Amino acid sequence: MPELLRYLLVILGVVLAPLTIAAGLTWGERRLLALFQDRYGPNRVGPAGVLQVLADMIKILTKEDWVPPFADRPVFVLAPAIIIIATYLSFAVIVFAPGIAVAELNIGLLFFLAMSSLSVYSVALAGWASNSKYALLGSLRSIGQMLSYEVFMGLSLMGVVVMAGTFDLGAIVRAQAGLWYIVPQFIGFFIFFIAGLAETRRIPFDLPEAESELVAGFHTEYSGMKFAMFFLGEYVAITLFAAMLTVLFLGGWHGPGSQSTLVALGWFLLKTLALIAVFILIRASLPRLRYDQLMEFGWKVMLPLSLVNLLVTGAVVLWRG
Amino acid sequence: MTLVDTVISRGNIESTMTNQAISIAVFFGLGLLFWMVALAASHLVRPRRPSAAKEATYECGTVPVGRAWYQVHVRYYIYALLFVLFDVEVAFLYPWAAIFRRLDGFTLFLLIDVLIFLLILVFGLVYAWRKGALEWE
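In the order they appear, the protein sequences are chains S and C.
When the count follows this note's numbering, it moves up by one through the first sequence with no breaks and lands on 322 for the last residue.
When the count follows this note's numbering, it moves up by one through the second sequence with no breaks and lands on 1387 for the last residue.
This is chain S alone, in the form it adopts within the complex (with noise of 0.2 Å):
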């Protein structure tokens, strides 16, 4: 039963590659972040400091977890599950190399939408059963920026999708053999990538968990193990949005060299880290925008410019024929 066993590597190695790229994140980004800010970050655990990720995960795993008696306790408790499965799920449509997806669904675009419109969902419900200001505060400001970035994020890819004519990803990897879509798409790529940032709520955009504002934001009254998933659920996120990157905008798997399925799965994960060190050098570089500011730059500059994109897609595909 080859075909069978090869299925099944499949999904365990999709289930298994975020979660892992996730973990190792946690310690990444410390690394790199003092890296960019020339301090040494945690070196103490194992070498380099790589086992830091196992000694965080002890520690959370036996940290009280404490559901708020105040709390809306089914929601509380039920809030982290949303994001995870949520984040989890898009992995399943991302096509890594010719052949190696979960489902290579005609519709894989789509379903990326709809599932980083349902995380929205997570955090709406975690602020407001904590019932706790601070949480609320938090919740009610990422439900507006979530929103607002996400008309235009859909808008960003239809580009893509007028080039490549479909919503299938692993066609629109095969569509970008030639041409990676970052050159003619590059505007696209950029108001994704930016809607990407504030969709994983980060720096500049991490409004919602301002730390010196609102405490935590939304996760504030969340400890030990549901914070943990909050936490790792903004890492699989940003791995899912380098690799969504990846397969939309850098040519997915192609790449020099040989054409096997190993050094494909090699193209994919060297460009999807390669776009995750973009991230974190951008949580290292820049400041958090005021609140305004951010709901004016979404609406007046990139809903517009989009827009424009789709549009001048749209005339140069009629004219070049």
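Quick caveat, the hints were computed from the structure, so don't treat them as lab data.
Being a predicted model, the structure only gives us computed values, none of them experimental.
It is possible that some hints are incorrect.
When the alpha-carbon atoms are kept at most 25 Å apart in a straight line, the in silico PhoX-like pairs for lysine-lysine are as follows [unchecked claim]: (1) K1304(C) / K60(S); (2) K1304(C) / K64(S); (3) K301(S) / K1381(C).
So the derived list for chain C, only partly shown, Cβ under 10 Å to chain S, looks like this [what the hints assert, rightly or not]: (4) A1288; (5) A1291; (6) Y1329; (7) L1332; (8) A1347; (9) W1386.
We put the CB at the ideal spot given by N, CA and C, even for glycine.
Fit chain C to the given chain S structure using the hints.
Frame of chain S, contents of chain C only:
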């Protein structure tokens, strides 16, 4: 056809909708499993030491004043309305984008079509802009 047969047939024939639905369901199950196992594992090892101070809402050490489920600024609702308007309109653009290249001979027609559609959309945006709905004040 059993589940295993369906799974095996993948790769032999074009992967079918059923296969994909099963794959996604499996993935959903694994995500749920991860959440349950992680919570259960921490439930076994974690301590539980409640105290009066811990039971209070976190407000930087002061005693909480008033309810936490307070009234929300109307700004957020306006953004929610804008979102509903624009996201529904954007949803109409998705099928357009997918079909744009495939209809030979109709491409110019399609482009003019979407131009008119976008003009209406932009008109709405300009209206909201002029009304000050996009400003945070």
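Structure-based check of all given hints:
1. K1304(C) / K60(S): The hint holds at about 20 Å.
2. K1304(C) / K64(S): Given pair K1304(C), K64(S) holds - Cα atoms ~14 Å apart, limit 25 Å.
3. K301(S) / K1381(C): holds (13 Å)
4. A1288: holds (5 Å)
5. A1291: holds (6 Å)
6. Y1329: holds (5 Å)
7. L1332: holds (7 Å)
8. A1347: For A1347(C), the interface hint holds, since the closest Cβ of chain S sits about 4 Å away, which is under 10 Å.
9. W1386: holds (3 Å)
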